[in-house]
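Peer 1: Each chain is listed here by its residues.
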Amino acid sequence: MLPLAIRACTLTSALGRGIDAHREALAGMRGGLRPNDISSAPLACWIGRVDGIEHEPLPAAHAAWDSRNNRLAWLGLRQDGFVGQVEAARERYGAARVALLLGTSTASIGATEEGYRRLENGRLPADLHRPRLHQPHSLAGFVAAALALRGPCLTVSTACSSSAKVFASAERLIRLGLADAAVVGGVDTLCDSVLFGFNALELVSPGPCRPFDARRDGISIGEAAGFALLERVETAPRAPRLVGWGESSDAYHMSTPHPDGIGAEAAIREALARAALEPAQVGYLNLHGTASRKNDDMEAALVSRLFPATTRASSTKGYTGHTLGAAGIVEAAIALLAIRDGLVPGNLGAEAPDPACGAQFAWRGEHRRIDVAMSNSFGFGGNNASLVFARGAAA
Amino acid sequence: MSALRVDIEGFGAWPPESAEGGVPPGDAGRPAARLLPPTERRRAPASVLLAVEVAAQAVAMSGRPADSLACVFASAYGDIGITDYLCATLAQAPDTLSPTRFHHSVHNAPAGYWTIATGCRAPSSAVCAGGASAGAGLLEASVLALAEQRPVLLVCSDVAGNGPLGEIVGCRSSLGCALVLAPPGSGRAMARLDLALSAAAPPAAGPDPAAGNPSAAALRLLALLTGQGGDAILAAGDRLALHVHMEKPE
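Residue numbers (the numbering used here), protein chains in the order written: chain G, 1 to 395; chain L, 1001 to 1250.
Incorrect hints may have been included.
[To be verified] Simulated restraints, written as ranges between beta carbons of each label pair: (1) L:D1238 with G:D20: 29 to 37 Å; (2) G:D20 with L:K1248: 56 to 64 Å; (3) G:L2 with L:Q1092: 44 to 52 Å; (4) L:D1238 with G:G84: 18 to 26 Å.
Please keep in mind that the hints were generated in silico from the structure rather than gathered at the bench.
We put the CB at the ideal spot given by N, CA and C, even for glycine.
Assemble the whole structure, with the sequences as input and the hints as a guide.
Peer 2: Here it is, written out as structure tokens:
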């Protein structure tokens, strides 16, 4: 593959706005979950909610795209100087040479749900007669307009692997010369569909989620927006790099992972093979770690099987909640933060670690140099993606 | 412009007459989707039956084992019927939401059902790009085939909508098209595609034969494929045109 520079990266979640807010929260092991105060009907669970989205309207020119999901996208884009970096890339290469690849599972379905709550004579209310909002491409449609990008533009919606897979799509596009840069990322927002949907599947914990705890009892759902700007390494040799990706399917079940982690292992091995790295060279591994019984069983065994104790591993879903379609970019950004700041986030929420977990698990935060960091994302439908990032050239 | 060259090794279409670019005659009924086990076939939503039906046709024609193909499922809307159910139930009695229908609502339900039914552990994706979903899906699948030098199954499909959501998006027919794409040189090609992007607004669509179905754009490829080849321009984005040139062997 073609290693790519991560020229810019930003993240907004329940932990706060921008990368530094995440560093502070992760270093202090301060989670962002709270009791559910967002669903339209009561549901006893905890959520990772981003504060203040309601007070962040879209620019007037883009008002037709208004939804909670696009507001969160716009809020996220404005952190860490990200918009400016994209503008510079657009100047360098031209708007048609910057691709936009975003992952989402919810898109703006929250707006569609709202429309159904206030139907007018059996039809969506007039203010929601916006066809482009009520489809899964609404996020990328809005971001393409907001960033004035005209290159290849695609939504990937493979549930919880969505915004990890966009890195792979971007690398292929740039390698074949169809783009010079790519904005990748993802946004998912809290809405009734995911809260009541995962609740119907009996996958939601009544309390804050406890990844890899022996008594874990389900996920906490969160919302987040994250973006990264990818370019060829020679344009930014000191920037951290995407050096590997792997994708696979479980071919097992729509809503539970393969118990032996066959697909997950294939994705990890492929990502390492592309990076020409051995498992022992991975300093930090951000786990999918949803706090569901089955995912964490499978993934704990996988970590023990593949990685030595020198690889430090943790789930960060105890901080942010499971941000679903945004989980890939959230955890890619945290892996990049581990490289930048030498921060291994502690696995928040596990008071009594599952005995299946090996010595790789970082139950408390650690400070150490990380040169290679990896992130796992395993989605519904048995859809798996793993990403490998590495430190850029020394100054 | 950058050029990509891929082979087409098989195709599938539903309703069957759409393979000649014909206008689907209203409700064509449920696709058989015989590849699914009977229990799954009974439970599966319309979007899954449609995608699996055309995918199975294309893969059978290609002669490739289904589990050897990476796959890209492109659909502008996913399953509008399921989304309509979801939103209506959430508005009235959210606690009664069906867990099965919820997992059918994910955009990658067809990819999930397909990979499970065929035992395929290759990469699978579910993508969309609004009205440009078919062109953007063709681009994604072709890039995957060439970058990774492997055959790829592409499915473009959208089902008819209903309820308030169906009215808003305006998709009133069910239509699917599948292609098996591969890097040139396997000797199995039934046609060769040259693809190039240009930064221009794609030409406005003509009279819409498929009642607002974004996957109808893929029918233009089938018309070339079942005819003598030739040229077409598909939207790959709001301001991005995908130029397609198809040649068929003598």
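Peer 1: All the hints need checking, so say for each whether the structure fits it.
Peer 2: Status of each hint after checking the structure:
no. : hint                           : verdict
1   : L:D1238 with G:D20: 29 to 37 Å : holds, 35 Å
2   : G:D20 with L:K1248: 56 to 64 Å : holds, 58 Å
3   : G:L2 with L:Q1092: 44 to 52 Å  : holds, 51 Å
4   : L:D1238 with G:G84: 18 to 26 Å : holds, 23 Å
Taken one by one, the earlier hints all hold for this structure without exception.
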